[in-house]
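There are 2 protein chains.
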Amino acid sequence: MTTDTLEIQMIERLARALPRSPRQLNALHASDAELVHLTGTTILAVTTDGIVEEIATGLYDDAGLVGWMSVLVNASDLAAVGARPLGIVVCETLPPTMGPEDIAALQRGIADASLAHGLPVLGGDTNAGSQFQIVGTAVGLVEGAAPLTRVGAAPGDRLFASGPLGLGSVFAFTQLSRAASPLPSSRAPRFRPHARLHEGAMLRQFASACMDTSDGLLATLDEIGRLNGVGFRFTLPVEGMLHGAAHGLAETLHLPPWTMLAGPHGEFELVFTVPAAKADPFRCAAAAEGWTPIELGEVVSGSGTTLMPVEGSITLDTGKVRNLFLECGGDADRYVTALVAMHESATAAPAAPPDRTLGST
Amino acid sequence: MTTDTLEIQMIERLARALPRSPRQLNALHASDAELVHLTGTTILAVTTDGIVEEIATGLYDDAGLVGWMSVLVNASDLAAVGARPLGIVVCETLPPTMGPEDIAALQRGIADASLAHGLPVLGGDTNAGSQFQIVGTAVGLVEGAAPLTRVGAAPGDRLFASGPLGLGSVFAFTQLSRAASPLPSSRAPRFRPHARLHEGAMLRQFASACMDTSDGLLATLDEIGRLNGVGFRFTLPVEGMLHGAAHGLAETLHLPPWTMLAGPHGEFELVFTVPAAKADPFRCAAAAEGWTPIELGEVVSGSGTTLMPVEGSITLDTGKVRNLFLECGGDADRYVTALVAMHESATAAPAAPPDRTLGST
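Residue numbers (this note's numbering), protein chains in the order written: chain A, 87 to 447; chain B, 87 to 447.
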């Protein structure tokens, strides 16, 4: 087992003893959206996500981005279960100090993301409170075939991402790090990720498991690995997975490239596994749609994540990486320092304790 | 027209320009839950409601009550459209200062209300923030017949409430008023309202319009009246509508009994209209279920609400009543004083301006 994450422990503690529905098809943690059987082959997907810490920490300091993200994070959860979007409701808490321009920007951000994702706003609720926050809840339908969940990955499956990774880390690091401020462009790049709804719907024919990278690639792999009792071996060098901006930031700051995959703020791509027998048909189908998913590697038995950066192979305990950010008190600079220390200790002593290593190649 | 309420103006401003769904069956404000056509005669009901101000003002000072209400308010919205509950998702914002006992009480409140209403918890999201709040979003199904909405009331319809009114006002007044503290029982009564899900489902066969009293009776009538261009005439004295505790509080404090219907914190009963031709079959059907709805009066043409308290008939502008609480800065004691002043001016000059009077009986 990899390290139990503090977040999972908290969710399990909170969820214990809450009544569950016999219609619900997914267990706790087992999918990005809750899946409720309606009738025949029709499943309702429901997901709720609040934008709270992102505002309080200053990560999202623009009301338009808050509006966009309140829709996007939920659209991305629908994408990860392959649902067709029905709509979203938004519950806003607006502080009395918030001016009409910011409120207008917030509504514009919601409207833009709603249009961009074909996820109409069904309604909402508005409250006055001291802390600005917004909670979106999206509903969608899964019809005619089993939904995608996080469960089903098996050794031998191929591991893919729907697009380049690390842009969420670049955005978060540029917004929050003191080390980033002397950089040539100290303003964060415009960050408006798009949910992979079309790709998610298509993946229902091919993928054995799927999850969005809302918490970054390594946390996503940790969760999929944990749920399926598997690990992962990267066959693509980390540089090949990274978005150009993430590659550039790692070079500028002399950071190991994989640290761009460790940020707890992700890029909202889908990470998914495809059984070997379906890998070729999947590649063809994706190509026919003009989509080039990135083939990261493969699913292996055991647990843990093997990374193969340019300079050699290292093994990471992804649970440890997930906890590290909390242990650093959410401080971006302390986190990066801790990741670099983890890198140095992993490359200095490549053989991790036997219960969590996969052996290097 | 009655006075436009500030709340409606704000919601309309926020909702303007948000993309709507062609599947959505209800217009803005026109129902307690959003209604989305699924397939054939199946409609999805979705509703979201945050518990924010209730915590910030000290109205809900008990985490167990907060948990209960986060489920109840949404269950009550499902009841008002006659939906069968599917489940609820909850998004919690917990401050770091909140201790494990309060968190456990919160979860217990959610679990209790979930069980009591047959509304299983499908999932949720947990955030850390400085201000404790919780947002629930419930989904339900309406199958085989048109859903109940707030629209459809016509002059001549009978006006009912699902049960006695005013308990929400008693609770809120006892919690918030300085005038209440010298009362024999200065602690608020235990307040755990139940949503009228069973009654709402039954009402789909009989009612022309329905809405829950989450904001109190007068705000509810104002909304139904506004949407249908109608007014109401009470044929039952106010004392006959009131919960015993509300009657008792009004007597103790020498308040006009109708002020117990004006509190913006309601009792989560259903208020509904039944066409005259269906009134007898409805009374029979309700009696057969052991349910005694309270017959308040009737729908009349024009707008405004006629009240007939013991001491004579007064006409109220319900829009004005709705705005009054905001104009009093949400202060319970100032609000009660303003209501009493409104009562005195209405009884002193019973003829309101002609465009909003119904004529006294």
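It cannot be assumed that every hint is accurate.
One copy or any two copies: either way a pair holds, since identical chains are not told apart in the list.
[Unchecked claim] Mimicking SDA-like on lysine to any residue, the simulated pairs with C-alpha atoms at most 25 angstroms apart in a straight line are:
| no. | residue 1 | residue 2 |
| --- | --- | --- |
| 1 | 406 | 127 |
| 2 | 406 | 426 |
| 3 | 406 | 213 |
| 4 | 364 | 414 |
| 5 | 406 | 430 |
| 6 | 364 | 139 |
| 7 | 406 | 265 |
In short, the hints are calculated from the structure, not lab data.
Consistency of the hints with the structure:
Proximity of residue 406 to residue 127 under the C-alpha cut-off of 25 angstroms is found in neither arrangement, the shortest distances being 40 angstroms within a copy and 50 angstroms between copies. Proximity of residue 406 and residue 426 under a CA criterion of 25 angstroms is satisfied intra-copy only: 14 angstroms inside one chain copy versus 63 angstroms between copies. Taking the shortest Cα distances, residue 406 and residue 213 sit within 25 angstroms of each other only across copies (21 angstroms), while inside one copy they are farther apart (38 angstroms). In the homo-oligomer, the alpha carbons of residue 364 and residue 414 never lie at most 25 angstroms apart, since the shortest distance is 41 angstroms inside one protomer and 66 angstroms across protomers.
In this assembly of identical chains, the alpha carbons of residue 406 and residue 430 lie at most 25 angstroms apart only when taken from the same copy (15 angstroms versus 69 angstroms across copies). Taking identical chains as interchangeable, the C-alpha atoms of residue 364 and residue 139 are never at most 25 angstroms apart, the minima being 40 angstroms within one chain and 53 angstroms between chains. Taking identical chains as interchangeable, the C-alpha atoms of residue 406 and residue 265 lie at most 25 angstroms apart only when both belong to the same chain, with a minimum of 24 angstroms there against 56 angstroms between chains.
In summary, the structure is inconsistent with hints 1, 4 and 6 from the numbered list given earlier, while agreeing with the others.
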